[in-house]
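There are 2 protein chains.
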Amino acid sequence: MSEKNYFSGDRQMNRSRIPAILALIFATCATSVAWAASPYAFPRVAVPADNPMTPAKIALGKQIYFDPRISLSGTVSCDTCHNVAGNGTDNLPLSFGVFGRVDVPRNTPTVFNAAFNTVQFWDGRAKSLEEQAKGPIQNPVEMGMPNGDAVVERLKQIPGYQKEFAQVFGGKDPITFDNVAAAIATFERTLVTPDSPYDQYMKGDKKALNASARAGMKLARSLGCEACHAGPMFDNPGTAMGTGAYQKFPAQPGYAACAKYVQQYHLTGDDGRFNVTHNPADKQLFKVPTWRNVALTAPYFNYGTVGNLPDAVRIMAACQLSTTLTDKDVNEIVAFLNSLTGKFPKETLPRLPETPNTTLLMGVPDLAQAAQKK
Amino acid sequence: MSEKNYFSGDRQMNRSRIPAILALIFATCATSVAWAASPYAFPRVAVPADNPMTPAKIALGKQIYFDPRISLSGTVSCDTCHNVAGNGTDNLPLSFGVFGRVDVPRNTPTVFNAAFNTVQFWDGRAKSLEEQAKGPIQNPVEMGMPNGDAVVERLKQIPGYQKEFAQVFGGKDPITFDNVAAAIATFERTLVTPDSPYDQYMKGDKKALNASARAGMKLARSLGCEACHAGPMFDNPGTAMGTGAYQKFPAQPGYAACAKYVQQYHLTGDDGRFNVTHNPADKQLFKVPTWRNVALTAPYFNYGTVGNLPDAVRIMAACQLSTTLTDKDVNEIVAFLNSLTGKFPKETLPRLPETPNTTLLMGVPDLAQAAQKK
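These protein sequence lines map, in sequence, to chains F and D. Each residue of the first sequence is one higher than the last, beginning at 523 in my numbering. Each residue of the second sequence is one higher than the last, beginning at 523 in my numbering.
Simulated from the structure, these hints should not be mistaken for laboratory data. One or more hints might be untrue.
As the list makes no split between identical chains, a pair holds if one copy fits it or if it spans any two.
To be verified - With a cut-off of at most 27 Å between alpha-carbon atoms, the simulated BS3-like pairs for lysine-lysine come out as follows: (1) K850 to K649; (2) K805 to K868; (3) K896 to K685; (4) K740 to K865; (5) K725 to K805; (6) K740 to K850; (7) K685 to K865; (8) K868 to K678; (9) K865 to K678; (10) K656 to K740; (11) K868 to K740.
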């Protein structure tokens, strides 16, 4: 890929200059940044009017989220890659797909706080959790179901789901793919992690952050990191820059240290948002990932090629801000990022409804054999 | 395999006749069978003196049981195949192994009530839950770890486990493979399902079984099924026959209906216990599986080739007792077997301890590539 692609238009040029400009603004006018709103509170999840949350819908969504029968092999649930017992990811560079496929193209983002995302997926190709939930299930590389009807056909054979979908959604034909997605999204809206040390600090407990984390917060601010990692989730350049959820990465490939990282960690090769819009200006634009719980979601970046957070911080400084950080700088920023690890909800394990006296998965060995021949 | 193998000695001949003999005894002397002990109570799990149960050890064992990092790929936990949110199995004919391997040789038995087994695995190659737990982790076909040391090396890099193993086991070097197995086994001893309709019936609630289930219980008794499916777990021929945990399957391949099933469902080809002992008398001997929750653990038999319980009942009648059942007989026995579905424990989801700022799984893509080349 030629360098031309990185600066393919005026819009890109302007965008690449914004962080430095914002850094100046933030350095002189710190009270105006989003995280200084008063009185401070961890944000509330927005619930779509057409998919209200109820305890029964959350419980149903949790069952489906944990149910591997919504994958072709009967072995891959949402939870397989977005592990709720952990940090909402699988800590792999790239997840494995159905039948052990190794061609999942991008690193798995965490499900925790995904309810706050303005768009979903690295390339923003889904506008809501509901739309996102349908993606991996039908993706041949991920859960492998041929279509939503195949999912519905499986679930309709499970008496417990027949009953629960009727109770939650009502109507003549309550098990639909839309309702499957609505239930999963409803459960996911409960997966938020408030009350991090940073949140405690912002609420007034000044001891919640140690000196290193406070120095890291100040440094991140002065460098202009939050031009992109903006808003309460530190993920939304639209908050500060009005550019929506996306940012180019790497934005400064001409900076020598960045060029080295690009090669070492294979940071290019994925056209990002361009794959959705086919607009040349969107090449290598990615949804800005949240900083919340970033300490727990290694490895990093769209290919998951960077195994630890200090390296990720160095790369971001070089490739987004044309800056080379000292080890002290890096340690302080990492300390601040660690302060964004929140409290995870205590979850009960759902009980998956059964198919007494039979199984839905007798055909799986043949499907596995067919998959191997491909 | 020649018919000679099915009747390879006097011991086998005698054993194959025992069910019919016992059927006569039970028919005339029903009060003497194990399930009529008074006052009736669901059994208590035996706890080994050298591995006492404590709440902290149960909690640690649960974390490890749910932790996919104890597999080579970082994706296969004990729970992957022995799904605690379901029925302790995966309802597949044969489970998939690490990196999507399709050569797992036998159907996955349920973890629920495994604590009552006198031996573990279809071929009884482990004497305890502790010994069993070490098997799949190190099996190249299943979880793929090269040895116990590799597991210990992974867990030692997880700060939360360092702390918890020290609290639970004490000593200088608390993270050992023996302690990993001890913790998993301790959690598994909590996975029991008392209070089935059958248990309620035996405690005196005569309405807990409907007429069909009661007829099925009587029929199973008169056929002699519990010669092998003996004792409170309906899994231990040693209780009634003194022959230990094993029984030959199929025992009556010369019976025409059985011969048909053998071909249709590939019931032979696995030497069972012989693979462990290399004693010709042990050919095709298998651990008798429990009837507890059998309605939920389809598909059936060591290869998982039989997809529903009525067919499994027909096959057992033909291949073990040289009997062909009517549809009414089958329905009644299935109704009785359904009455053995117990109450599953309500579980909290564990929180897996994290590796802040890094991941243990950066090397997995290379391991996956190496596995594909083999």
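Do the hints match the structure? See the list:
1. K850 to K649: Classified as neither; 39 Å inside a copy, 55 Å across copies.
2. K805 to K868: neither (40 Å within a copy, 49 Å between copies)
3. K896 to K685: neither (38 Å within a copy, 47 Å between copies)
4. K740 to K865: within (23 Å within a copy, 55 Å between copies)
5. K725 to K805: Result: close neither inside a copy nor across copies, 40 Å intra and 70 Å inter.
6. K740 to K850: Within one copy, since 13 Å is at most 27 Å while 77 Å is not.
7. K685 to K865: Between copies, since 19 Å is at most 27 Å while 34 Å is not.
8. K868 to K678: So K868 and K678 pass the 27 Å test across copies only (25 Å; inside, 30 Å).
9. K865 to K678: between (36 Å within a copy, 24 Å between copies)
10. K656 to K740: neither (40 Å within a copy, 49 Å between copies)
11. K868 to K740: neither (32 Å within a copy, 46 Å between copies)
Going down the numbered hints, you'll see the structure goes against 1, 2, 3, 5, 10 and 11, while the others check out.
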